[in-house]
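Participant: Now for the letters of each chain:
There are 2 protein chains.
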Amino acid sequence: MIGHSAFPAEPWCLRETSLDLSMLAQTESLFSLSNGHLGLRGNLDEGEPNGLSGTYVNSVFEERPLPYAEAGYGDPESGQTVVNVTNGKIIRLLVDDEPFDVRYGRLLMHERVLDLRAGVLRRTAEWQSPAGRRVRIRSTRLVSLTQRAVAAIRYELEVIDRPVRIVLQSELVANEDVPTQEIDPRAAAVLRHPLESEQHDASGTRAVLIHRTRRSGLRIAAGMDHVLAAPADVELAIEATPDLARLGLITEAQPGEVLSVVKLLAYGRSSVRSRPALNDQICGALAAARATGWDDLLTEQRTWLDGFWEDADVLVEGDDAVQQAVRVALFHVLQAAVRAEGRPIPAKGLTGTGYDGHAFWDTETFVLPVLTYTAPAPVADALRWRHATLPAARARARQLGLAGAAFPWRTIDGRAASAYWPAGTAAFHINAGVATATVGYVEATGDEDFACREGLELLIETARLWRSLGHVDGEGWFRIDGVTGPDEYSAVADNNVYTNLMAQANLRAAAAAVLRWRERAAELGADADEAQSWADAAEAMFIPYDERLGVHEQSEGFTKHEPWDFEATRDADYPLLLHFPYFQLYRKQVVKQADLVLAMHLRGDAFTTAQKTRNFDYYERITVRDSSLSACTQAVLAAELGYLDLAYAYLREAALMDLDDLEQNTRDGLHLASLAGAWIALVMGFGGLRTHGGVLSFTPRLPSPLSRLHFNVRWHGARLGVNITGGRVSYELLDGSSVRLRHEGESIELIAGADVTLPLADIEPRLAPLQPRGRGLARPS
Amino acid sequence: MIGHSAFPAEPWCLRETSLDLSMLAQTESLFSLSNGHLGLRGNLDEGEPNGLSGTYVNSVFEERPLPYAEAGYGDPESGQTVVNVTNGKIIRLLVDDEPFDVRYGRLLMHERVLDLRAGVLRRTAEWQSPAGRRVRIRSTRLVSLTQRAVAAIRYELEVIDRPVRIVLQSELVANEDVPTQEIDPRAAAVLRHPLESEQHDASGTRAVLIHRTRRSGLRIAAGMDHVLAAPADVELAIEATPDLARLGLITEAQPGEVLSVVKLLAYGRSSVRSRPALNDQICGALAAARATGWDDLLTEQRTWLDGFWEDADVLVEGDDAVQQAVRVALFHVLQAAVRAEGRPIPAKGLTGTGYDGHAFWDTETFVLPVLTYTAPAPVADALRWRHATLPAARARARQLGLAGAAFPWRTIDGRAASAYWPAGTAAFHINAGVATATVGYVEATGDEDFACREGLELLIETARLWRSLGHVDGEGWFRIDGVTGPDEYSAVADNNVYTNLMAQANLRAAAAAVLRWRERAAELGADADEAQSWADAAEAMFIPYDERLGVHEQSEGFTKHEPWDFEATRDADYPLLLHFPYFQLYRKQVVKQADLVLAMHLRGDAFTTAQKTRNFDYYERITVRDSSLSACTQAVLAAELGYLDLAYAYLREAALMDLDDLEQNTRDGLHLASLAGAWIALVMGFGGLRTHGGVLSFTPRLPSPLSRLHFNVRWHGARLGVNITGGRVSYELLDGSSVRLRHEGESIELIAGADVTLPLADIEPRLAPLQPRGRGLARPS
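Residue numbers (this note's numbering), protein chains in the order written: chain A, 42 to 822; chain B, 42 to 822.
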């Protein structure tokens, strides 16, 4: 793990036992707290040093100009960048007028623990000031999963050997200086101090700052209140200026006494509500949190998480690191989604500014499936967000000359924000991703209310897009030309197998939905004739296949391209996109991330096992995994094809992506989709979970290092436990009356109280294919 | 023509009989004077009004940042933009202290004449000032074809009815305010006042200003001197400031007397020479011009042009507009090239700032072939410029992971300056264009000195590029994947037929050249083995062909793409690139400009006549001619295939592109390649000139509107006259002793003094294919 020795593998927490300042940005990401609405990076209480100070409210972004040296019609003119909002985490401490700063004096001990069951970040530090005063600090931070607007910090201070004069300063700070990676000076200027003050109030122990983003016009309010428990007299002073509110607390602290401050924070945003309305909302949230009190905030948090873990936990015996990693992963996935409520789930959640805070296809393709089987409510919310962006997606489709809706490759508010169209606009497969997540959610939950409203409309509009994007050629094939699949080392190619198969499923699902919800479909202007035209297109879908090699072409012509020269590629040349022009990457056989292999996962029904084996062997040799969105998919197919050791290695790569900073950009935020990939590799890989045709099925396997794998699956309100150990798998119904499933292709009716235990299928050991030279498997700690 | 009635069709001049201010920018382009080193737009003497004030010295450019919202490895960081240098054209006039300005007072007459034989621009104006004073102005402007650094203006003034106090101000003005189309404010700032003063001197009647461009560090010097012929006393004053030098002349003019000023101008540039050296060079040029004197400057100019027209003139009887147009075209092509001497020939010559003043593939592919057969010396110069940029082209190839040299898609100084790689870097065919021009020049002139030096190295380095760009696939074909051909409505496709056929010829020519010049080749590291590898690649070149349709695919898979919906495309939607995203253009069957059809012209030997006919019919239906580089090529193939009316229509479109402003951007400068296209359409189209395999051949045809077509061709120092009229063609040897040629495939030995007259072949009348709806043939005046 990052800094290895400092992170012991513990089953229910992430513990850092000493502070490594060179790893600060990475640990801030890992120690982020969020509820999907509000996100706090794990910055130190005293504000600095920091790797990247970060406080994010979902969908608070600023618009910035997108420059083009040679612009084309339809290039988006305006980009979107997540904004670091008012920082309420800061509690500065002066010890006899010397500021507590870990860079000065002596840090006698420092520990941070992310507690996955309590849902809090705990910090303990003992520090000796340059003048020799010793203090002990304990802080506990939470972002409430039950009170959406609220975060809270309990800050406890104890002086150790002699009386000390203490000053605490609890602050709200807007427009902090944060590093920008913008090259364009106009964009950098826009993002430097993005918040314009509208209100600043302070009285008693409470203060509120309200700002507005200059261009995007979003109003953001932050408030703080405090509850003190001080053993001695305390002098308080509160003040507010446009970008700073500060509660000052001065006291004389005696050894052995504990000064405790609970800082309550509330955040709100709106693009439409007035300043007074937002002010009231913040004050109300603070009052409610104050009424709840610190202890009950903690209790609510733990109770909520108990319920989550009961559904979602995965037991992994035999690999403590993976056990810890999958729980950390589930915790962060949950945090990113749970209270997003009609806002996007960005690629980095609310843990950093990577990818400008944009949401991509990976939300629907990697994150939502995990939640669908573990905590499905946020899935419907996330898809409702996509649904709410339909007007922008329809407008974009019209601009591109297409029917239906064209969801943007990257966005915060639903409008397209990609400046490089071959890897943006052309990646239409995101639309099938939205449709597939919709189908998956409805299949798993039976949520008919969602299905016939947002679900139906999402399916219809995406099907219309595909119907207009493809055409029937002279030989009767339905072709989708000039698009980009998941592999970003190819672009603008004809008949990408992944895209075509996903579009095929999208078209079929939409056709079925129109027939299922005829009246509602009629309101959306879709009838049986239109549904038939989608079904016809799906039937005629062209899937390129290289007869000579006996493998599918990732896109038409792909297998005739020049093989990448891996022998001549040095280790330092990875990731390739930083050392070779797109021109070369696109025209050669080199794959950044699972593309055809992802098709074999999500559309496994469209391939024979022999095809899967040949395809996997072929593409494995040329897939360099320069993306974090690859290892988990390779794990799934490797497991399915019996390469259990390979699958296990990929599981570890996916699970430890951020804990070991394998992509060396965890500093910018966590890779949510790769975190989700830890679950995917375990449950869809070794569990063999599939739902092709709406049928829940399993093909369980256990790699030799593991002695047990246990996971739960929610299915139509029921909860199913799957326990793989000792050469057998047990299926148990935990909630609900009965579930029909398939084990190794055989149908089983599972009834409450009657476990079914079956032997695992025999796997014939086979030699796994090799990875490209220089891109062998990472061996995470 | 522009303004139609104002431009009578005259055989040897371009005459504008009244001034239309709304057409000023266009006429400034058409009335440009240049010698390839120095270019003066046809701005009015008094400086304003103007459409675009322009004075250009070849290769004086400024660097500017190229912004990318999402940058990729290898994207050029720095762009290049031609700079408007010190304006020496300005002669302001005050008539009793009222400035002569055609927008005020009354313009009683105004005529401008570009005299194609004298090589001058003449202007005559009669003007009545707001106070009622009448003056007559005659100016004659030349840019010397014989004294490279020199331009001159004779300015004559006559007052008409009563004595008038006259002030003339003859100026050099640097850093004029000119409109910029830069969207990026950084780039606009860089280009606003690009010249930094280094020296300003004035004494007597002479002044010199020396500047340096801020970023590119190019030194540019401009000087003026004056010769006066005044009937009365004249008061003179000269002064210089960093950006302005001015000679003031005050006199009392009597009716009937003519005040005459000859303004001599000299320009020099250097990236290496010192300020004193450049200053001396300018003063020397001015002294030489003064010694020559106005009359002899005129005489030299006419004598030089007499020689040019004797070689290059094309006689067209039956269409006065085309007769005029082809001479205007040849004049401007000559002007752009003749004294460029080791500098590029930009797409707009030195007539405007269009395309930032960059040179593209069209120089080698359209402009140089015309000069090769009419005035070959500048062709060697132009190719020597390419040769001089080999270090940059080799470095670019290395950066792209390729061998040999990768010439830039657009450049001024030889470094790549394209910000959009799918239509820049990927357009590798420019390398074959350089090689083809090299082969064509050597074949036509027999210039062995050039052939074994620059020519050989250009062929070797381009062949090496192709060998490394392509690869042999599993079936033994040599494939060139992921490149962009001439048609800019497709990009990054596999096995573009044009590119592959041109690369094939390039590889073969290089292999032959290495065997021919073994010793010199060995110095360049090329041996027979390497030559064999090129020959092998050429032999195995993959040429995609659609067996079902019986036509060549422009690129692999092209004919399976969705046809463009021309029925749904409105007239206002053209040019398509301004109204549709590249995403849509690239994936559909719609062609911006001749691509496969250009292949059938330049590699006509690689197609059967039946293939040519089917291909032409197929591509004609989908070619929208949104580029000026299309009509002339379509004319050539239409003529070859017997569609004489269609060929004639395309001839007119090409020939009148700028005279009728068909692309509506003549304001930014002339379309040099389309001007060259007038000659190409006549000589290669109706004359049927081809040199496949180094054999000079003709297939003469005459479209019904023309009664006679006569042109000359230079071939190995000989000069051949071809006269087509009255159903017959006569071949006559004007210089030289004998030439072997082919007429309709039959070999003829032409000997001095023995004309050969043959009947024209019978052309079976056939129905020409239709153009896309909405893109029928332009009917120029």
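Since the hints were made in silico from the structure, they are not lab data.
Hints are not guaranteed to be accurate.
[Stated by the list, open to error] The calculated label-pair distances, taken between Cβ atoms and stated as ranges, are: (1) Pro220/B with Ala569/A: 44 to 50 Å; (2) Asp514/A with Pro810/B: 20 to 26 Å; (3) Arg233/B with Glu280/A: 43 to 49 Å; (4) Asp514/A with Arg233/B: 51 to 57 Å; (5) Gln440/B with Asp61/A: 35 to 41 Å; (6) Glu588/B with Ala444/A: 30 to 36 Å; (7) Gln573/B with Asp514/A: 56 to 62 Å; (8) Thr650/B with Ser509/A: 37 to 43 Å; (9) Asp514/A with Gln440/B: 35 to 41 Å.
[What the hints assert, rightly or not] Some chain B residues judged to face chain A by a derived CB distance under 10 Å, without partners named: (10) Asp61; (11) Leu65; (12) Ala112; (13) Gly113; (14) Thr466; (15) Glu489; (16) Gly511; (17) Asp522; (18) Phe624; (19) Lys629.
We treat Cβ as the ideally placed atom computed from N, Cα and C, and that holds for glycine.
Participant: It remains to establish, for every hint, whether it holds in the given structure.
Facilitator: Now for the hints, and whether the structure bears them out:
1. Pro220/B with Ala569/A: 44 to 50 Å: violated (58 Å)
2. Asp514/A with Pro810/B: 20 to 26 Å: Because 22 Å falls inside the window, the suggested range holds.
3. Arg233/B with Glu280/A: 43 to 49 Å: Roughly 47 Å apart at Cβ, these two residues keep to the hinted range, so it holds.
4. Asp514/A with Arg233/B: 51 to 57 Å: Holds: the Cβ-Cβ distance is about 52 Å, inside 51 to 57 Å.
5. Gln440/B with Asp61/A: 35 to 41 Å: Holds, since Gln440/B and Asp61/A (Cβ atoms, about 38 Å apart) stay within the stated range.
6. Glu588/B with Ala444/A: 30 to 36 Å: holds (33 Å)
7. Gln573/B with Asp514/A: 56 to 62 Å: violated (40 Å)
8. Thr650/B with Ser509/A: 37 to 43 Å: Holds, at about 40 Å.
9. Asp514/A with Gln440/B: 35 to 41 Å: For Asp514/A and Gln440/B the Cβ distance comes to about 38 Å; the hint holds.
10. Asp61: violated (32 Å)
11. Leu65: violated (28 Å)
12. Ala112: holds (7 Å)
13. Gly113: holds (5 Å)
14. Thr466: holds (5 Å)
15. Glu489: violated (37 Å)
16. Gly511: holds (8 Å)
17. Asp522: holds (4 Å)
18. Phe624: Interface hint status for Phe624/B: holds (5 Å vs cutoff 10 Å).
19. Lys629: holds (8 Å)
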